[in-house]
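Relying on the hints, combine the two individually framed chains into one complex.
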Amino acid sequence: MNFDFSDEQKQMRDEARKFLAEKCPPKAVRTVLDGKASYDKDLWQGLAEMGFLGVAIPEEFGGAGAGHLELCVISEEMGRALAPVPFSSTVYLAAEAILIAGSDAQKKKWLPAIASGSAIGTLALFEGKGNPSPEAINLSAAGGTLNGVKKPVPDGAIADFAIVAARTGSTGRDSDISLFLVDMKAGGVEAKALTSLDPSRGQAELTFKNCKAEPLGAAGEGWSVLSQVLDRAAVLMAFEQVGGADRALEMGRDYALDRIAFGRPIGSFQAVKHMLADMYVSATLARSNCYYGAWALSTNASELPEAAAAARISATQAFQHCAKNNIQVHGGMGFTWEFDCHMYYRRANATALGLGSLSYWEDALIDRMRKRNAA
Amino acid sequence: MNFDDTPQEAAFRAEAKAWIAANAPKQYEEELRKSSLGRTQLKGANILEVAKAWQKKKADAGWACLHWPKEYGGRGASPIERVIWQQEEGPFGKLSGMFIIGHGMCGPTMMAFAGEDQKRKYLPPLASGEKIWCQLFSEPAGGSDVAGLRTRAERKGDDWIINGQKIWTSGAHYSDYGILLTRTDPNVAKHKGLTMFFLDMKSLGVEVKPIKQANGASDFNEVYFTDVKIPDSQRLGAVNDGWNVSLTTLMNERMSIGAGVSTGFPELFEFCNSLMLDDCPAIEDRNVRSKLANWAVKASGLKYTSMRAISALSKGERPGPENSIGKLVAGSMIQDVAAYALDLQGAAGVLSGPEDAEATGKFQAMLLRAPGTRVEGGTDEIMRNIIAERVLGLPGDIRVDKDVPFNKIPTRGRG
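In the order they appear, the protein sequences are chains A and B. Note that UniProt numbering numbers the first sequence so that position 95 is 95, with each residue one more than the last. Note that UniProt numbering numbers the second sequence so that position 376 is 376, with each residue one more than the last.
Just chain B, same shape as in the assembly (with noise of 0.2 Å):
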């Protein structure tokens, strides 16, 4: 048992380090550090820019989406190295926030079902930052149930119309291109008539409408589709096939671990060292204690198991369902931890001003942002769904609408 790399590890390591040591934003760094949940801003400049530029420079030395095979523009590198990589990025790879979702679910679901001319011409990009992608699963209508999805793709001649609504879509407001979900059969059972497209998000009849967040930021957006056409060229797998390829997608989305979850703790227990209560730090009292001492070992737990997961890819292994407990701990934990610090304030807490608040409102940010981390990319429900199904071997839940034909599913619940 041991935190050693092996020799090829530490060598790679000693690479990255002096890369990133000689080439990234230094300038940045601290305010990068400082960032939490729900407050990732630099002051006196356009974070995308910044990003962007970071990405291409790593694109340029070989360092962007590592796991990707060279042609694609990545480094062909293992899924350890990749890891060490992001051990040794810190806090530059809170610049990745962005290119998450293209590096890692469209990127691989273009890898699996594009042909090889549209990958050598987008894949490139993408790896580089220069092209950002989204991804238009979710729908009002089908959240969770993914497969629930109405927006439609009709057939017309070497094209495909496309009417409908997605929702909750990271980043459509700056994305390029975007992977698109639709029903193509509404006759029969709702997981067998999907298709999926990727398509230009400059098409005609694409709109984009930023999301104003509980939290008053806009990170998600709506995306309506009119008469959309997109060429069947751009068609990813069979038709009626689009379940399985989404699949693949969300397969990939579980791939990254290794970055750290964020929970809050750091945080926190930083504060309750500066905090004064009674003219003591709020460290030393006993209920303070003992609220710390109670997700002390949950962000540690975390942080261990990450390191088992690490091992096992080091060794050859693929990473499981087991995966899943990260964000379903951190996600509720972050939102009790700033509720708690707001508490330790009292009346006071209430305030989020740079003047008014401790710690210039890191915690209140970090509240109004948690709700969104514990639903975006599968619900706490979904995660110990996961967990009871795919590790403990629970049955599946019962799902009434499986074999009926998707337009004779009810749509509404009372009358």
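The shape of chain A in the complex, shown without the other chains (with noise of 0.2 Å):
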């Protein structure tokens, strides 16, 4: 058994680590944060010329063709840099939605400019409030146009094309929904960025008015392909997650041992230890399900929706709580904008939501155990 990354893969993590403390300190996480910037267009091209953005992209199609596991440990660092770029919309779900679904030509010309960092995707799903879910999706298409609204949509208002989900039909089944792919310049459809709890990544709502849209896929299968990109999405937000808990894990561990009150550093007292052991133990218990959700997602095993779903769960959870409880370790510092903590308090619950909210992927959880045991 070897349950873990290889040391080609953990070299990689450790590039992207090197990269992201000098291109992305928290500095330049504050810019976009503080509505200066729409995202970090230097990191973006910098990534790309890693080949960061295109490390699960085929080498056919411009990307380095590593795979999914090589993925999995630049998304944990992006993570931990909480890097205020639109890499989760276009590499997460646009890329992923196109490589499942694409045709040779629209896999031609989008994913080597994903690649090459000079197109932003985004998946355009929700329409309001509610988890991912057919009956949720109300944008029409017919005639090869889509009419509706969408929104959030994650890094909408700077993306060059989404992947829209649209109703087709009316039986009442899943296979209502079919996929459309909308090129952003081509005129039709107008983006508003909105605010959001987390700044640091944008939020828009799209508007379609008899725009023209191309089919991402066979009619009717719109679901299907939106299940697999959500399944593989939770896995490798879940290893951002993972990085962002593991970071704010240690900047409480940091402080708790330079702070200094009552004679002696804050981390020697127990209720403290104890706060930071138990931040600990839902990281690892969180990277643990990650590291499973990474070996389903690499081998396409039948375990991937179960993996993912707890990965998702899992990683979400450590998450917030290592984000909570840095600022509570922090004290009253924690609380005042000038720390980083609640950058990634924002980062930690913003991301809990958009895939859908954590009692979604519970109830995902159950009913694929449930399938499992029942097969």
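Some clues are possibly wrong.
[What the hints assert, rightly or not] Computed far set for chain B versus chain A, every beta-carbon distance over 10 Å:
1) Ala18
2) Ala22
3) Lys94
4) Ser96
5) Ala357
[Claimed, not checked] Listed next, the in silico DSSO-like pairs over lysine-lysine satisfying Cα-Cα at most 27 Å (straight line):
6) Lys324/A with Lys291/B
7) Lys371/A with Lys303/B
8) Lys34/B with Lys371/A
9) Lys43/B with Lys94/B
10) Lys315/B with Lys10/A
11) Lys129/A with Lys315/B
[To be verified] These stretches of chain A come out as covered by chain B in the derived footprint (C-beta under 8 Å, 3 or more residues):
12) 262 to 268
13) 355 to 365
Keep in mind the hints are simulated off the structure, nothing from the lab. Just so it is clear, the structure is predicted and the values come from calculations on it, not from any experiment. Quick reminder that beta carbons are idealized off the backbone N, C-alpha and C, glycines included.
Structure (structure tokens):
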């Protein structure tokens, strides 16, 4: 058994960490958080040059062709650094949807553009409140044009193209849903940036009015593709969350060692020690669930749906737990804008929602476990 | 990243699997599989006898104490082979409960500190289960604070005379031998005046009194020592160096990974599939699903954490203090899981008789045994300290008695 990343993959992780430590210090995150830029363009180009954007894209489509395990280690570092770039929307959602369902022409057009950093993509799924479900999709597609409104759409205001989930039937089945690819520059769609919990990654409302769109994948198979995309994205996002959780734990630990109160480091008080130990426990359980998700993702195992849900729940809980208690360890300082703690707290709570809420994945996990047990 | 054995590991697994299939006491397999925390018992059979017979059979065929050297009754196997054995032994491994302390802690301590003749005399019958050992460390005044013990050993010629009391000694009532930590110098700081021995539990002056536990069972004992004589040749390590000897014992305690800790989750999941609530299986209820999902990811998190540790073992690395999380997480989880399984039954959850209880009282037994799990082998608080100090590098607790002579340490909190 080698239930671990390989030395090469770990080396890639170290490389990414080093790169991000230099190019993405907290100051860079703040520039986007404070609204001075919509994303960090230099970092985005730098990530492209390092080959990180196309790490799981096959070489024939301009990527590095390394694979999903490699993407997992990069994702962890993106989360650790809170990288203020449209990485998850472009790489986890848009690129994966094209890899799964795109035609050869679509792959040739968009995947190299993603890998080179010249195209930002997103997935337009949600229409207001609620979780992923075929019933919640009302945007209509008829005669190759889309009409309706999507929000929130991650990085929707800066995206060059969007994968859009639309209703193409009225049978009441999952097969009513189809996917479309929309070139945002082609007209017919209006993007409005929205304010959100975590401005270091943008959210938008997209309004489609007789917008021309090309189908992505076969008609009626949209929901099936979306389910696969969401499972893969859940694993990749879980790595981001674990990276963030680890960094929040590290910040709390470092502060507890440096900060003196009552004549000794606060990290020597059991109440603080035990809080940090519990943060370590949740981050470790999440990391282990993520490794299982990574294995299932990289081998395309039938266990992927269950492993993805477990990784998603565990990593969401760990990031929220660590980010929240990191502020607590820091005391009053942790509640200031000046300290970085709130950036992790924001990201933890924002990433908990983007792919469907915690309760959605809890429900999904038990469904999937039941199906496996019944089989 | 994979779950595959190396060719050598696969060969070892195949050999172990074949031997177990041909030799294990299959008639108890189903009962052992179904037994959960607080409920390992065999109907119509004495579990101690069944366990001893299985252990002897393993020893005769070279499958006992796999990690021990061959000359002491083991197999000289690698840590990963030991894990593979545990995986293959499956429910029959539950029969090893009464040997764990002897095999995991007393044996390794003897190996490190006993004389060669003694090792050859005492270790093989320990490995084969013919003799059972216990570990006499904790006292009423010192559970987590092991070094606070008060049992005295006084030198008299070639012998030592022991007086005092131990507590929480698992298996003392059926043990043949024990390793014993005593105080030999009360005038120095507490860690510096301890000495380790081993002794025959049938020695004159040793009295074992089973403790009736909160769950009604009696796995633990009080052990009283009245002028018990131990020859100096049964001393382990130097006089007053017992603390260091005991650290060897305790470090070995944390080496055993891979068998998997009991969380109660598989039992609860199965229960929620069958229990009907308002004409629907409980598992279809939204609240039930949310609770289950939370425990599911803890259970899988523990499972894959142990897979990561096994991978490290497979590469020749040693398991570290991070493995303390298994007991920490599983201990309180099984307590909560059991309480929830009863909650789902409403008022009837209180009834534990076989005719009333769902799943024949399994969760009631779990609930009553779980508090012990959170305390034995180090409390949750000690486990958190281990993680905070040894994994995260936070400062140790302040120990005000550290440099105070033992006989000057206050013994009462008030008055």
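Hint check results:
With a minimum CB-CB distance of about 20 Å to chain A, alanine 18/B clears the 10 Å threshold, and the non-interface call stands. Here alanine 22/B stays apart from chain A, with its beta-carbon at least about 26 Å from theirs, past the 10 Å limit. Look at lysine 94/B: its CB is around 23 Å from the nearest CB on chain A, clear of 10 Å, so calling it non-interface holds up. For serine 96/B, the shortest C-beta to C-beta distance to chain A comes to about 23 Å, beyond the 10 Å cut-off, and the non-interface label holds.
With a closest Cβ-Cβ approach of about 23 Å to chain A, alanine 357/B is found to remain outside the 10 Å limit, as its non-interface label requires. With a C-alpha separation of about 21 Å, the suggested pair lysine 324/A and lysine 291/B falls inside the 27 Å cut-off, and the hint holds. Between the alpha carbons of lysine 371/A and lysine 303/B the distance comes to roughly 20 Å, so the proposed pair stays at or under 27 Å and holds. At most 27 Å may separate the alpha-carbon atoms for a hinted pair to count; lysine 34/B and lysine 371/A meet this at roughly 22 Å.
For a cut-off of 27 Å, the pair hint linking lysine 43/B to lysine 94/B stands: about 15 Å separates their Cα positions. Between lysine 315/B and lysine 10/A the alpha-carbon distance is near 16 Å, which keeps this suggested pair within the 27 Å criterion. Annotation: proposed proximity of lysine 129/A to lysine 315/B is violated, straight-line Cα distance about 49 Å (limit 27 Å). Look at the region 262 to 268 of chain A against chain B: 4 of its residues bring a Cβ nearer than 8 Å to a Cβ of that chain, three or more, so the hint holds.
Coverage of a stretch by a chain is defined here by at least three residues with a beta carbon nearer than 8 Å to that chain's beta carbons; for the region 355 to 365 of chain A and chain B the count is 5, and the condition holds.
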